[in-house]
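Enquirer: Using the sequences plus the hints, can you model the full thing?
Number of protein chains: 2
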Amino acid sequence: MHVIDVNIPQQAYKIAIAAPGLDRLGELMSELNLGKKVLLVSNPAIFKQYGERAIASLQAAGFDATSCILPAGEQYKTLTSVQKIYNAALEKRLERSSTLVALGGGVIGDMTGFAAATWLRGVNFVQVPTSLLAMVDAAIGGKTGVNHPQGKNLIGAFHQPRLVLIDPQVLQTLPAREFRAGMAEVIKYGVIWDAELFVQMEQSKRLDQMRYLGADLLQNILNRSCQAKADVVSKDEKEAGLRAILNYGHTIGHAVESLTGYRVVNHGEAVAIGMVAAAQIAVALGMLSSEDAIRQDALIQKAGLPTQLPTGIDIEAIIDALQTDKKVKDGKVRFILPTQIGAVEITDKVTADPVRQVLQHMRSVGK
Amino acid sequence: MHVIDVNIPQQAYKIAIAAPGLDRLGELMSELNLGKKVLLVSNPAIFKQYGERAIASLQAAGFDATSCILPAGEQYKTLTSVQKIYNAALEKRLERSSTLVALGGGVIGDMTGFAAATWLRGVNFVQVPTSLLAMVDAAIGGKTGVNHPQGKNLIGAFHQPRLVLIDPQVLQTLPAREFRAGMAEVIKYGVIWDAELFVQMEQSKRLDQMRYLGADLLQNILNRSCQAKADVVSKDEKEAGLRAILNYGHTIGHAVESLTGYRVVNHGEAVAIGMVAAAQIAVALGMLSSEDAIRQDALIQKAGLPTQLPTGIDIEAIIDALQTDKKVKDGKVRFILPTQIGAVEITDKVTADPVRQVLQHMRSVGK
Ligand SMILES: NC(=O)c1ccc[n+]([C@@H]2O[C@H](COP(=O)([O-])OP(=O)(O)OC[C@H]3O[C@@H](n4cnc5c(N)ncnc54)[C@H](O)[C@@H]3O)[C@@H](O)[C@H]2O)c1
Ligand SMILES: NC(=O)c1ccc[n+]([C@@H]2O[C@H](COP(=O)([O-])OP(=O)(O)OC[C@H]3O[C@@H](n4cnc5c(N)ncnc54)[C@H](O)[C@@H]3O)[C@@H](O)[C@H]2O)c1
Ligand SMILES: [Zn+2]
Ligand SMILES: [Zn+2]
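So the sequence lines, in the order shown, correspond to chains H and X.
According to UniProt numbering, the first sequence is numbered sequentially starting from 1.
According to UniProt numbering, the second sequence is numbered sequentially starting from 1.
Copies of the same chain look alike in the list, so a pair counts if it fits in one copy or across any two.
In silico DSSO-like pairs for lysine-lysine, Cα to Cα no more than 30 angstroms straight-line:
no., residue 1, residue 2
1, K205, K302
2, K332, K92
3, K332, K238
4, K84, K238
5, K235, K14
6, K238, K14
7, K36, K92
8, K349, K36
9, K332, K84
10, K36, K14
11, K235, K332
12, K235, K36
13, K84, K36
14, K349, K92
Treat the hints as calculated values from the structure; they're not laboratory data.
Expert: Now the structure itself:
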C-alpha cells in the first residue's frame with residue numbers, strides 16, 4: 001500500500017493506493033473514529049460491479065452500511081440528485097458522526113461530497129474513486145459541488161474527505177474513453193508540476209488504453225499524480241493562489257464542455273482541448289517555446305485525446321462564456337499558461353484577441 | 001456605535017450596533033476590501049420599508065448593488081428559494097470577491113448565508129438583521145441553512161459573515177408577536193450565560209412589546225445578548241462542545257415547531273415552550289431548584305410567551321421527533337439543562353420517561 005499525506009491544517013488525511021484495496025475499506029475507515037452509520041453513494045453500473053464488496057468490507061468492520069444509488073452521468077450532477085442523498089440520509093437517520101462514502105467517478109464524488117458538506121452542516125466523507133480522473137484529481141482536495149443549469153460546478157463547498165482509498169484494479173472495467181479522459185489530468189500534472197512524470201509518459205509507447213500500460217507505469221502515474229495534487233492543495237487549500245494552477249486547461253475547457261451541453265466532449269477531452277489552447281496562447285505571448293507546445297500536443301495525441309475544437313462550436317460563444325467562469329477576477333479572465341514543461345504562471349493579462357486567433361486555428365479541419 | 005468583536009480564528013468580524021445604522025451600511029462595508037458587486041436579498045415587506053435606504057447607502061459607497069426579493073415566511077426557507085438567489089447571482093455575474101447582503105429576519109439571513117456559502121464555493125456575506133431574533137441570535141455565528149420538508153435546518157453550512165450591522169430603529173416596524181419571539185432568545189441568554197441580564201429583565205415592568213421598553217434597556221438587551229452569543233461562538237465555532245448550550249430550549253422547541261408544521265407557533269414561542277420543559281426536566285432530575293424554574297417561567301410569561309404546549313399536539317410524536325433532531329449523538333438525545341439562573345449543563349442521560357411526564361404537565365388546560 002502506497003500512502004500519501006494531504007497536510008491540510010486541522011484536517012489532514014491520507015490517500016491510500018492499494019491493489020486490491022476495495023476489501024480494505026472497512027478496515028481503513030475503522031482507524032478514523034467514525035460513527036457506526038455509513039451511507040454509500042454510487043451509480044447503478046459501478047454499484048453492480050463493486051458495491052457488494054465495499055458494503056461487505058464495511059459490515060465486516062462493524063459499520064451499519066446502506067446504499068443510495070443515483071443515475072449515472074454529468075447531466076445528473078444536480079441539486080435534485082443531492083436531494084435524493086438528503087432523503088436517504090434522513091431515512092437512515094444519519095448523525096453528525098456518520099459518514100457518506102462516494103463509490104464512483106468524479107460525478108458521484110462531487111455530489112456525495114456536497115451532500116456531506118451540507119447535511120447537518122457537515123458529516124464525515126470518504127472517497128473511493130473508481131475512474132482514473134477521480135483517482136488523480138476529483139477525489140483529492142475537498143472541492144465538492146453540483147452544476148447549475150447554466151454553468152458547471154457553480155454551486156459547491158469545500159469539504160475535505162477523511163480518507164481517499166484508491167484501488168487501481170477497478171480501472172479494468174473503466175471504459176477506454178473514460179480512461180483517456182483521466183490521462184488528460186495526468187498530462188496536466190506533467191505540464192504544470194512534474195516534468196519527470198511527463199518524460200516517463202513520453203517514453204511509453206501507448207497511453208490511450210489502460211491495457212497497454214505496464215503495471216509499473218500505472219502505479220507511477222497514480223502515485224505521482226496524487227502526490228502533485230496533494231502537494232498543491234496542502235499548500236493552498238482554498239484556492240487563494242497556487243491552487244489555481246490546477247485549473248490549467250480548464251478555463252477554455254469548461255467553456256467547451258458547457259457550450260456543448262456536457263455531452264459531445266467529456267471533462268478530460270475538454271481539458272485536453274483547453275491545454276492545447278493555453279499552450280498556443282502562451283506561445284503567442286512569447287511565454288513558451290513552440291517546441292514545448294509541440295511536445296505537449298504530441299503527448300495529448302498519444303493519449304488518444306482531441307487537440308481540436310468540437311465541430312460547429314461558436315468561438316465568440318466560448319469567449320463570452322469565459323466571463324461567467326469562476327476564474328474571473330474583477331471582470332478579467334485569469335489564465336494559467338505554461339512557461340516550460342513542468343512549470344506554469346497565472347496571468348490576467350490575456351485579452352480576447354489572441355484567444356480568438358488560437359481558437360480559430362483549433363477549428364476541426366474542413367469546417 | 002457599539003462594536004462587539006467575534007474572534008473566530010482566521011475570520012474575525014465585527015457586530016456594529018448603531019441607531020440609525022442602515023444608512024452606514026455602505027461605509028462600513030467599504031472598510032472590508034470587498035469586490036464591487038453586491039446582491040442584497042430581502043423579502044417584499046422588509047424591502048419596501050428599508051430596501052431603498054440600504055441600496056442608496058451601498059451605491060453612495062461605490063458598490064454596484066442590486067436586489068433579489070424572496071417570498072416571506074419560514075415555509076419558504078427551502079432549497080427552491082436558495083435557487084432563486086443562485087439565479088440572481090448568475091444573472092448579476094457575481095464573482096468570488098462579490099458580496100451577498102441579507103436584509104431581513106432569520107429566514108432571509110439563513111438562506112442568504114447558505115447561498116453565500118455555496119455559490120462559487122463561497123462568496124462574501126454581510127448580515128443586516130431586522131428582527132430581534134435575528135439581531136441577537138440568527139445573524140451571529142455563521143450557521144446558515146434551509147429546511148428539509150421533514151426537518152428544520154437539516155441542510156446547511158458554516159459560513160461566517162464579514163460584518164453584522166444592527167440598527168435598533170428598524171424594530172419599530174416589527175410585529176409585536178415577532179418581538180416577543182426574539183425575547184425568548186434574550187431570556188435564553190439570561191438563563192444560560194448572563195444572570196445579570198436576567199435580573200435586569202426581571203426588574204423591568206413589561207417585556208412583551210418593544211414600545212414598553214426604555215431605549216436603555218433595549219440597548220442593553222442587544223449589547224449583552226450579542227456579546228453572549230459572540231463569546232460562545234468565538235470559543236467554539238463549529239459546535240464541538242460549548243456552543244451546544246445555545247440550543248437550550250431548542251431540543252423540544254424544534255420538535256414542537258416541526259410537528260405543528262412551522263405555522264401554529266413561531267421559533268421563539270417554540271423555544272419558550274422548550275425552555276419551560278427543559279427547566280422542569282432539570283427540576284425532576286434534581287439539577288435545578290424549583291425556585292429558579294419558577295423565576296424563568298415568570299419571565300417567559302412577562303414577555304408574553306407561551307409556557308404550555310399548543311393544543312392537540314401528540315406527546316409521543318414529540319418524543320419520536322427528538323430522535324431525528326441534529327442533537328442526537330449515537331442514538332442518545334442530548335439535552336441542555338439549567339443548573340441555576342446563568343448556568344447550564346449538557347447531558348445525554350435524559351431518558352424518555354421524565355420528558356414524557358413533563359410534557360404531559362405542559363398540556364394546555366382543559367385538553
Ligand atoms: N472536485 C474536484 O476537484 C474535481 C476535479 C476534476 C473533476 N471533477 C468533476 O468530476 C466529474 C468527472 O469525473 P469522471 O470523469 O470520473 O466522470 P463520471 O463520474 O461521470 O465517470 C465517468 C463514467 O465512468 C463510469 N465509471 C467510473 N468508474 C468506473 C469503473 N471503475 N468501471 C466502470 N465504469 C466506471 C461512470 O459510471 C461514468 O459513466 C466532473 O463532474 C468534474 O466536474 C471534480
Ligand atoms: N442561523 C442561526 O444561528 C439561527 C439562530 C436562530 C434562528 N435561526 C432561524 O431564524 C429563523 C427565524 O427568524 P425570525 O424570527 O427573524 O423570522 P423571519 O425571518 O421569518 O421574520 C419574522 C417576520 O418578521 C418580519 N420582519 C422582520 N423584520 C422586520 C421589521 N424590521 N419590520 C417589519 N417586519 C419585519 C419578517 O418579514 C417575517 O414576516 C428561523 O428559520 C430559524 O431557524 C437561525
Ligand atoms: Zn479537471
Ligand atoms: Zn433559536
